[in-house]
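Engineer: As a plain string of letters, each chain reads:
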Amino acid sequence: MSADLYDVAVLGGGNAALCAALAAAGRGARVIVVERAPRHFRGGNSRHTRNLRCMHAAPTDVLTDAYTEDEFMADVLRVTGGVTNEALARLMIRGSADAPRRMGRFGARFQPPLRGTLHLGRTNAFFLGGGKALMNSAYAAAGRLGVRVAYDAEVIGLSIRDGRFESATVRMPAGDVEVRARAVVLAAGGFEANLEWLAEIWGEAAKNFIIRGTPYNTGTVLRLMLDAGAEPVGDPAQCHAVAIDARAPKFDGGIVTRLDSVPLGIVVNRFGDRFYDEGEDYWPKRYAIWGRLVAQQPDQIAYSIVDSKALGRFMPSVFPPMVAGSVRELAAAINVPAGTLASTIERFNAAVRPGTFDHQALDDCRTEGLVPNKTHWAQRLDAPPFHAYPLRPGITFTYLGVKVDERARVVMKGGVAENIFAAGEIMAGNILGRGYVAGVGMTIGTVFGEIAGRESFRE
Amino acid sequence: MRKAEHEMVVCNACRYCEAYCPVFQAMEQRVTFSPGDLTYLANLCHNCGECLYACQYAPPHEFGIDVPRTLSKLRVESYESFAWPSFAAVAYRRPWAITLAAVAIGALVLSGFAGRAFTARQVATADFRAFTARQVATADFYAVMSHGTMVTIFGVAGLFAILALGIGHRRFTKATREAAMPGREGPAYERGVADALTLKHLHATGEDCVDAEETRRPWRRWMHHCTFYGFALCFASTTVAAIYHLLFGWIAPYAYTSIPVVLGTLGGVGLLIGPAGLFLVDRGRDAHLSHASERSLGGPFLALLFLTSLTGLLLMILREQPYMPALLVVHLALVLALFITLPYGKFVHGIYRAAALMKFRREEA
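If you're matching them up, the sequences are chains A and B in order. Counting from 1, one number per residue, gives the positions in the first sequence under the working numbering. Counting from 460, one number per residue, gives the positions in the second sequence under the working numbering.
Which residues of chain A face chain B? A few of them, derived with a C-beta cut under 7 Å, are:
no.: 1; residue: R50
no.: 2; residue: G130
no.: 3; residue: N136
no.: 4; residue: P249
no.: 5; residue: G254
no.: 6; residue: V256
no.: 7; residue: P316
Just so you know, the hints here were simulated from the structure itself, not pulled from any lab data. Built from N, CA and C at the ideal position, the CB exists for glycine as well.
Using the sequences and the hints, build the whole thing.
Structural biologist: Pasting the structure below:
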């Protein structure tokens, strides 16, 4: 491997990396993919994904209705609060229109619309079988095109001279090797799985964070690039965090650790106190703020409590609820002070105003006179058994990345690098300065992966 | 059972596989999974394997989700629990031994009755001088064994098999909380039958299902079709022959161009290609996709079908040769062994799969 000179070295093994590798190899380039994970866990966080967001003017075989460029752009502006590079965002949006078809050429399969559990059939195309199936088809296509894939291969050094990439030092089970290539595509994700890095930002609290995805996104390539003078983009101190079941594994718990019970009951911290309006908005929209809310609580833990009226109204959870016949039993089960919990529930119940409960709409069931109030779906907790789920912050991704131009070239302090390209989470901060909208991460990876692959090998 | 329940809870919280097949769609209708639910889901599964390769939680992930293999194991356990009489469940643990025993019994019974035409010693030494040249030349099967004897032996064995399969089916529907023989009414029943006859769920996504990661080939489906429809044509051939004999008094052997012979020949060819093909397909499939207990059931059943068909076709071609009587005895012994083992081997998957597919269509309606 060290003796070979590749046309393109792709650092990373997720969707953006494979889109780049396939685009370059499809044009005849000699490509190597350097994937840090072992074969079984290949695919980065893409293996946990399910869909990508696509603009389309009319219904397609995988999308319903229409989703225009302007509507997509409006969604990006809304979730980011305007912290976005509009030119790059529009480039991504226009590129998304053709993405399912281009992915299909490499064996990706999509499921018919209207079956998705999340009602995203209009805006998002769903991978048949999910992201791991997508990655399997992409790796199979890469194999057919002669792309070389190195698994268990961690990039530990980059040789960049005068803004030009020369080689990468790669640590493999058999020893360190130099991978030389005419161009490099950085597609190695963020640093959300790097617990030390998280601790630099969040301090002690980071110890209680759960990483929802791959343990291999430690940000090594990102840090090497920033040290080499790449322009940073995105808030270095922010990550996307949602509230997930505290019993989830430290890494790779993926989708099944999510909990949808929050709007249907109350959430208390370890002292038994409520701390935020559980009924502020629909769960998918508010889902993302709860990671930060729980992270700000003592010991980064909270408990979602519902009574028997809520059962069957939220997606089944993979972990069993803690069940109790009375508030006292419940307090013992979740180890919070019984007196405080009892008074929290008493005061909450007393503050609930009469209303017509409708968990499908922003209904008029609310509390009055509480701090904080619950503004929708407030019902008394009075029908035992009570069910409780422990919550912790679950980190999905980080925002810090490298700045790129419209050709996916990395912008260095001294100017644009001619043979260094970036795609996926490592440059997503160009478009998503903050916030998130479902499926846009995969769109960024797909579109910029394709651009990076194409631009890195021009005959 | 506990592993299956854990897996279904994880799957139900994930649902990425919901577009693959009815197992996941049926799963989403449930919040908890009783043993009956799991039995139903296990028998609904066609063991294709897409969901294993697609699974972000497949081993070595600590959740260890391996739906095809778990349901495969559960399926064989359900065959055992529905077997009638109950002690016959042991057949699923020693499929080769039971099949060989059935062949031995078949050979014993058949050569015993064939002894009316000649002695066991003659059979053993292929010495058929007791047979007249005329009998052999006209392929007079009933000189070897009278029509009445044949009807009695195979009628008893066949009725017993139907009874045992029927009771198994009843136990399945009871366990999965359906009324006995349900869904006869209405289009749900027809759609379920159509799904079974077309093996819809081995190619419902528009492409064939996998044999190994990203390896999709149609052979498992086509070889199954050869086997199933070959079996059906042979059954039709026998039925037509019975009508000829009983209604019209036309006695076998029939001409090569007659309906029973044409049906039997086509079916017989299907039962050579199909079982041989399925054997090769199974050998080439990723062993992770099914449990050893289920894989072990395939071999003896396929061998029995293949040999039954082979001897049947040889009998047709060589029916005017001196060793016809021996061949006839061997063929009939294999057929009898097939009848005896039908309720206690791989064959039952068809009964429970069809019942599960019908239940799925009814729940969907």
